[in-house]
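> If you read the sequence shown in UniProt numbering, its first letter stands for residue 1, the second for the next number, and so on.
Some clues are possibly wrong.
To be verified - Computed cross-link-like contacts, SDA-like style, restricted to lysine to any residue with a CA-CA straight-line distance of at most 25 Å:
1. K589 with P755
2. K797 with L520
3. K743 with P515
4. K589 with D763
5. K1140 with K1187
6. K139 with D442
7. K1140 with D763
8. K534 with V735
9. K1140 with P799
Claimed, not checked - Label-pair ranges, simulated between beta-carbon atoms:
10. Q982 with Q736: 44 to 50 Å
11. E374 with L1142: 50 to 56 Å
12. R801 with L1142: 57 to 63 Å
13. E958 with G46: 49 to 55 Å
14. K195 with E374: 21 to 27 Å
15. V305 with Q982: 33 to 39 Å
16. D690 with E734: 49 to 55 Å
Keep in mind the hints are simulated off the structure, nothing from the lab.
C-beta atoms are modelled at their ideal positions from N, C-alpha and C, and glycine is treated no differently.
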Amino acid sequence: GVGLMNGSGPHESLKGEKDARQNGHEEADPGEDGNDQEVIVIQDTGFTVKICAPGIEPFSLQVSPQEMVQEIHQVLMDREDTCHRTCFSLQLDGNVLDNFAELKTIEGLQEGSLLKVVEEPYTVREARIHVRHIRDLLKSLDPSDAFNGVDCNSLSFLSVFTEGDLGDSGKRKKKGTEMEQIDCTPPEHILPGSKERPLCALQPQNRDWKPLQCLKVLTMSGWNPPPGNRKMHGDLMYLYVITVEDRHVSITASTRGFYLNQSTAYNFNPKPANPSFLSHSLVELLNQISPTFKKNFSALQKKRVQRHPFERIATPFQVYSWTAPQAEHAMDCVRAEDAYTSRLGYEEHIPGQTRDWNEELQTTRELPRKNLPERLLREGAIFKVHSDFTAAATRGAMAVIDGNVMAINPSEETKMQMFIWNNIFFSLGFDVRDHYKDFGGDVAAYVAPTNDLNGVRTYNAVDVEGLYTLGTVVVDYRGYRVTAQSIIPGILEREQEQSVIYGSIDFGKTVVSHPKYLELLEKTSRPLKIQKHKVLNDKNEEVELCSSVECKGIIGNDGRHYILDLLRTFPPDLNFLPVEGEEMPEECKKMGFPKQHRHKLCCLRQELVDAFVEHRYLLFMKLAALQLMQQKANKPESSGALENGASAENGTADSEKSESEDGKIDDNVTGLDQVKELAETIASDDGTVDPKSREVIRNACKAVGSISDTSFDIRFNPDIFSPGVRFPESSKEEVQDQKQLLKDAAAFLLSCQIPGLVKDCLDHTVLPMDGATLAEAMHQRGINMRYLGKVINFIAKTPGRAQLDHIFKIGIGELITRSAKHIFKTYLQGVELSGLSAAISHFLNCFLSSFPNPIAHLPADELVSKKKNKKRKNRNLGNADNTAWASMTPQELWKNICSEAKNYFDFSLECENADQAAEVYNLQKITLLREISLKTGVQILLKEYNFDNRHKPTFTEEDILNIFPVVKHVNPKASDAFHFFQSGQAKVQQGFLKEGCELINEALNLFNNVYGAMHVEICACLRLLARLNYIMGDYSEALSNQQKAVLMSERVLGIEHPNTIQEYMHLALYCFANSQLSTALNLLYRARYLMLLVFGEDHPEMALLDNNIGLVLHGVMEYDLSLRFLENALAISSKYHGSKSLKVALSHHLVARVYESKAEFRSALQHEKEGYTIYKNQLGEHHEKTKESSEYLKYLTQQAVALQRTMNEIYKNGSNANIVPLKFTAPSMASVLEQLNIINGILFIPLSQKDLENLKAEVQRRQQ
């Protein structure tokens, strides 16, 4: 029924099972079969071709018809035996294959075809690509690109802890038998109670990094470019090489290949050297002239291909590391050349100089999307262009701030300059021409780009055909905010006034509208809950809009309809927008709202709007059901009762009223079904509904603020309370209702969402471990970060506050680091490039060091020229004096942090310096350092920092290695894959493992089709798959999938991201099940180390981790060590789950088992009794848990008595006593594994052997 559309997305689930089968596709599927049919189109049709390359045996290669010829090229350039070739064509029966053709379009290409690799002549471009590729091969094990955050490389340390690959289901190192030899003692800092938090262990040295040196130098020669007459001999460029044997040679790259020439450093002699080898590949030439090169290069390639592919595949978006070891800076021709010729985003495979980003972004949107294969192609293309665009925009933004791009309006003052680089338009986040004067000036100009980006993200997700948005990336770098946008064709040639045919360029004074735009935007209004409304323009004419006024419509020269300036796609947040003469609801006033904010662009998050509408929908159903029942019971006062509800405008008044009568509704669920049916019939408007029932729906609609009185439909008018927007008299009442709706939404955030978040934290359904995961948890519930102070205050007042210690601590840390980040931003704007490392280290000293008066080092005098200074002052983007930063003191900084926390977050911090903050709030300085570095993009040297030394500052300028950009961008989604994933999850939750497993496998395939191999969502998919493998008894498969999940989490989220920590724990469990005990321990110790660094010891997740460690140690008979971890877990569980919880009972039992193994029966009995008492009180005498515990108590008592008897016997008869040997047993691996499964929440579903076989076969078929 269309009548219910707005609320009906999530509510379909009320209908129960029968919908769960529909895969949640947009089209109505004919059921599962339809889906499978669709999917099969993509797979199952791979075939094998033979490849014949010069100098090696022919080999077979599996290909799929969808691949392009170019992908075979890529494979050959990666293979160990063909990786040194780049300039070749593939030929079938003598015909050259087109690189961009799909294999299925090539005539005569089939199973068993022979493809020949044929060397082609070089051009300058091809020669450059070749040299670059050889350099990449030489550097393939070198992690410096990952530390420097370039080319989408990122770090992974898993292989350090698993000593190589976990493959072969662990046959290679079965440690089960030689258990005794494992050294299980962790480093001191990992033990419970340890206070040191070393940093160096974060990035352990990887053995493979000490690279095998193949060459000393490979650079461009100074003789480039070749003079005219040599060009006519085919010389393309000259290289200069010094081999490891110290031979200096000069090499000519010619059209036919590479050869040695007779030039030296000072003499140009291009003639071939004697003897002359001409090699098509540079590697073959170097093999001839340097034996060390030959040996080491082949060893290096062997190593390269042995690494797990996930360690080397590029990530879709750059991940930066906030620490890095000291690296030697080596000579590197290609890097140097890149930096100076600055390949303007001129990507290797695109002919012509620069990419037309706008055209690429929009064309991919226009690809067809009728069936699954088309949608996958389209989503894959959209994703790829977005990630390329983000990378280019980031490079451009850094170039702009570093001053390497010429402005398009160079004569204007620096703040107002705009730039174009590589077909991307860049502007700075300052209020240019008082555009945002009424909204908060520069502060508003700083926040507008991120709001705009959220708007772009949202409209892209709705994906209406014919409506276009700009590629948008927001980059924060060195204290500046840069917005990068793709360029609408023709926009630069015209004045803005002529171009805008919809919306307003002056915030609502002059407003225009356009029928085509209204039609397009109308399609987005339902999913985005935006109400179509009329506003008055400066001539007092009514203009109809379906967005906020400053959303502008421009038709580009390409005829496409673009919308831009989407900064107010979502309704304003009235808690932060005091309006004259408007009264806020009670809940808001109680919490001190409305509060004046720094700018007037605060809006509610999309998640909040959705949750609010959902809440109202449930209310609507309840009210209508209630009335229907009253009608049945024929109560005359029914209408009165409802008027009453409606007049207490506030949602809560209604909901309390309906809660009280909840009992009745629940007895009568059919009431809700009746309402549903009724609403649908009314909406279809077939006149069969009696007036009384119409009345019911009308009343319910009115009570929840629906814009229609025949169906539930809540929408917001984003222009309400916009300064400068006026509404016509005719819509006065509608505007009143809209204002009320906004107040209700603001109240809903405070009265439902914040308490809901805190409740979820109390139940531990939400377990943030650091600032980012806390922010994510808040955002998922639609709570903006500006409410952080309120959330912390709410926690402080919650009963059971101790169980929220971890959240409180993360919250305070986040509040301090965010306030510090705000100050750091303005601080950096006054620093010129030469003072950056000194300024940043000085700031960090003031922020974290105990040293009372750090002094900043200004750049040395001999470098500061006296003459130039006067002139250059105004070039700085900030208006501050260039050295003002040096006078900051810790007292002043902390005073500013406290006032920032008060002004921005409305929270009073009780600390005057870092030491007090650490003490009062129990924070770790190393954690604060991580948080501030991640938020600001600072990279520091990996070494041990002494924060508490009162005699010298913690940081020197040598410790600041780099400053990276912090990038916000759109994340295009793989919708079909995600539907499969969700339905798979749902199936698993209902207990249909086999179906669930198939759907998840399918989802994995589709994700790979869209995102490529590396993506956060693929990581989640692999983790779930591994868990299913494990539950169904396939341990080695579980291990392999979970290994991929860990690698991917390290690469895409970061090596110490909370998600990575969790993945390590899962992997440890599967290692243990595969009897790789020492590996399991190493992984758990790594997880514990990371958790200590990221948060500290006092966290509910630490209890789980320590239980895992304790159990594994128990299994390898390290009893004393095991007890340290288990007893720590017991203490933490008691604190966070309450001493009466079942988790604590289990913890007692685990401790008792170790004491039993140590034959300390008294302690064992004591713990097991505690556990027994909890079980008895919580579950009752007859529950199986209580019975098990009571059995175990009996057993322990017998053992204790037997031991006592033996002891007495010894005392009585001395050495000739007749002793019955006592049975001390090490726990069996199976029993340890069973306990591990219990604490990790894994329930086994008994499957018959046959089911298992079928399932494995099925999974294998899918993965072919």
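> For each hint given before, does the structure comply? Return the numbers of the non-compliant ones in rising order.
2, 3, 4, 6, 10, 12, 14, 16
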